[in-house]
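There are 2 protein chains.
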Amino acid sequence: MRTLIANANEAVGNEVYIEGWVHRIRELKSVTFIIIRDRSGLIQCVFEGKPDWLETLKLESVVKISGMVKSASNKYGSVEILGNQLEILVAVQSDLPIQINGRTLDIQLDTMLNNRVLSLRHERNQAVFRLQAMIVSGFRAFLNGEGFLEMFTPKIVKEGAEGGSEIFKLDYFGERAFLAQSPQFYKQMMVISGFERVYEVGSVYRAEQHSTNRHLNEYVSMDFEMGFIRDEEEVMEMEENLLKSLFLKLKTEGETLFETLEVQCPEVPDRIPRIKMSEAVEILREHYGRIDLEGDLDPQGERQIAAFIKEKYNSEFVFITHYPRRKRPMYTMYCNEEETNSFDLLFRGLEITTGGQRIHELDKLVENMKFKGVEPEQYKSYLEAFKYGAPTHGGLAIGLERLTAQIIGMPNIREASLFPRDQQRLIP
Amino acid sequence: MRTLIANANEAVGNEVYIEGWVHRIRELKSVTFIIIRDRSGLIQCVFEGKPDWLETLKLESVVKISGMVKSASNKYGSVEILGNQLEILVAVQSDLPIQINGRTLDIQLDTMLNNRVLSLRHERNQAVFRLQAMIVSGFRAFLNGEGFLEMFTPKIVKEGAEGGSEIFKLDYFGERAFLAQSPQFYKQMMVISGFERVYEVGSVYRAEQHSTNRHLNEYVSMDFEMGFIRDEEEVMEMEENLLKSLFLKLKTEGETLFETLEVQCPEVPDRIPRIKMSEAVEILREHYGRIDLEGDLDPQGERQIAAFIKEKYNSEFVFITHYPRRKRPMYTMYCNEEETNSFDLLFRGLEITTGGQRIHELDKLVENMKFKGVEPEQYKSYLEAFKYGAPTHGGLAIGLERLTAQIIGMPNIREASLFPRDQQRLIP
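Chains H and V, in that order, are what the protein sequence lines are.
If you use the numbering used here, the first sequence corresponds to residues 1105 to 1532, in order.
If you use the numbering used here, the second sequence corresponds to residues 1105 to 1532, in order.
No wet-lab data here; the hints were simulated from the structure.
The structure displayed is predicted, hence computed values, not measured ones.
Hints should not be assumed to be uniformly reliable.
One copy or any two copies: either way a pair holds, since identical chains are not told apart in the list.
[Stated by the list, open to error] Using 25 Å as the maximum straight-line C-alpha spacing, the simulated DSS-like pairs for lysine-lysine come out as follows: (1) K1262 / K1174; (2) K1431 / K1162; (3) K1133 / K1484; (4) K1168 / K1491; (5) K1484 / K1162; (6) K1348 / K1416; (7) K1162 / K1468; (8) K1468 / K1168; (9) K1162 / K1491; (10) K1273 / K1262; (11) K1476 / K1262; (12) K1414 / K1474.
With the rest of the complex left out, here is chain H (with noise of 0.2 Å):
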């Protein structure tokens, strides 16, 4: 049976077989070196002289190697493989297209994505997508102990939930249909369901036309959504201990992946702090000299609450509040005339949860879609779920591909995704 990399240094002094890709060669006068990386791991394999094989031999070759494992200490580890025999399993023809075995990946995002399948091959993407995998990983083990459901809802949709033009539309057996931009309304719909709190991890789609370092037309939303609440203060508290939970197990299980990453795992203050947009709107009045913003902050003003609140709080989260009403969806609990039962987490200056309190009322619901000029004909079927037994609600969703990038530090977001979507990129 095949050993795996990771667990050779348990069969040392043992003929084993391994399989992987050709990493690196290195030719001596008297010995090559044959670095071999699988799933788990990098090893390094000697062979005496000049094989055969070793002309013929291209980096990325799929091999399998059979020898003796043996104590050493190089930089792959604390064993190594005595090669006996390498075969070629399949065999690389040409030239890689881009350097995949140095310590960075030394090229542009495009060239990166272009050749995703092999920069993908790289230590650092590895320990991206890894993260990523744990991130999710903890978003669900957090929200199952405290006694919400896993769902999953269409994507494919005739109402759709944020309204706007920034929907791709299909066309379903004859009939005008939309890509979800969210999982809002059945969340929504799952909560009044008796389930009370549901969570999803899925696509959401966003036909945006703007091209950001931030923004990607499909990605991974993380949704959660609870009833009985008293206020949005509820939500907000539960994604602060959410936060925690999955901070502590990536710090804890992920340390090795942070090491190949070359960054820290971001630590989450016992209390988040939270200011209202329009004191934030007054902060950058006074202390940026920001005089255009009106309740809504900029991505510059994104950046300068940040630096304010980390020098103030030493945070490097926090929660914007009471969003202003018109600048909020339909469903947005409001609390006054003009102030919304609202939130966005803002972390290292990215806004990376939007979330809030519902309206759970029929009427008052209807009466805002009216104040936000929506037409209530377009969204029967929604509205009919508030008809028997809506209790208080609210909830969140978190973008997976920035809360990865932010964690991490990377510049574009692309980078947080495996296949991004774009205005220009379908492909691979």
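The hints should help you fit chain V onto chain H, whose structure is shown.
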């Protein structure tokens, strides 16, 4: 703080309050029983006489009840609440269109789906989707333990995986795009990217025109793919072990769900029988007089083979292997001119899994595309992945709703989808 109904038995002798839906109202001469439901269960609340609110209280209203917990023994459990006060938090104004507090939901499927938010409140439906979440969680837990990585891949694609006309089209910023019929290409790319073992639980789309009780146009696919395999037999062994682990989890953690659903947790045999497609056709000819089948089974044939296997091997599962090359997609490895290294898994007479080994050599893949009448030019970015060392690999996909429906014994797969999508149904 609100006491969850399931935790009330820890509060005997204490004053508590609960919040939930009015499940049932029972008026006796000198006492009124209100049965309350929350996400954790049901409880009986006892009020003296006929309280003021009784006349206006409708079923499914959201209420808060304060009172003393006391030991009891009734059909709802071992405690009840001596009600002090009932506050209607959200009133229901009208009678319910369907009755949801009976032992069964005695309504047509269409009525159930048209009133989805209400019908999901029935305890049987609550159990269905709690079981479904448990299935997914068991799928992930097993694969995580086997070194698989969870991945998230785009559903808006340019290169369709399965081909054919049964694919939804959409306009993607002026370019023609499709909704993914499966994550097939992406999971192969991820194996080749060095992750070796990957899985995804996500939506897939089939624009199939026919309407049956076992098809949905959008469903959840549980996919995995693994590299460095000997042949498809290794994939089947992985599924066998996955199913054993999964059903053990369901049996242990899902005991009360199975009781509510009034079904037994299925047993996975130590070894699932395997028969070749050619043998299956022979058996159907010999034992069922089916002379009309060649190289594939129709739904009746699947049920007949299942009955034969159940009789002969006492197994509700059977792998049908070696499907003909002309019946399988172009990426399927073939072992001779006629047969492929492929399999389906039938469970209780229905296909719940399709899998097999894939072609990992570029030349062979291009040649097989031509054999299948597929234009390699259409699959450029997919083919690109095979240039730089693609190991042997294979995998499978399990339909989540089908598996759920078969475990529970549902006549129609739509019952196993929260918000099913078919040609007639785009809402809710």
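Checked hints:
1. K1262 / K1174: neither (63 Å within a copy, 49 Å between copies)
2. K1431 / K1162: neither (57 Å within a copy, 37 Å between copies)
3. K1133 / K1484: Answer is neither; intra-copy 78 Å and inter-copy 42 Å both fail.
4. K1168 / K1491: between (65 Å within a copy, 18 Å between copies)
5. K1484 / K1162: between (62 Å within a copy, 23 Å between copies)
6. K1348 / K1416: within (21 Å within a copy, 55 Å between copies)
7. K1162 / K1468: Classified as between; 20 Å across copies, 68 Å inside a copy.
8. K1468 / K1168: between (68 Å within a copy, 21 Å between copies)
9. K1162 / K1491: Classified as between: cross-chain Cα gap 12 Å, same-chain 67 Å, threshold 25 Å.
10. K1273 / K1262: both (10 Å within a copy, 16 Å between copies)
11. K1476 / K1262: This pair counts as within: shortest intra-copy Cα distance 20 Å, inter-copy 37 Å.
12. K1414 / K1474: neither (40 Å within a copy, 60 Å between copies)
In the structure shown, a violation is registered for the earlier hints numbered 1, 2, 3, 12, in ascending order.
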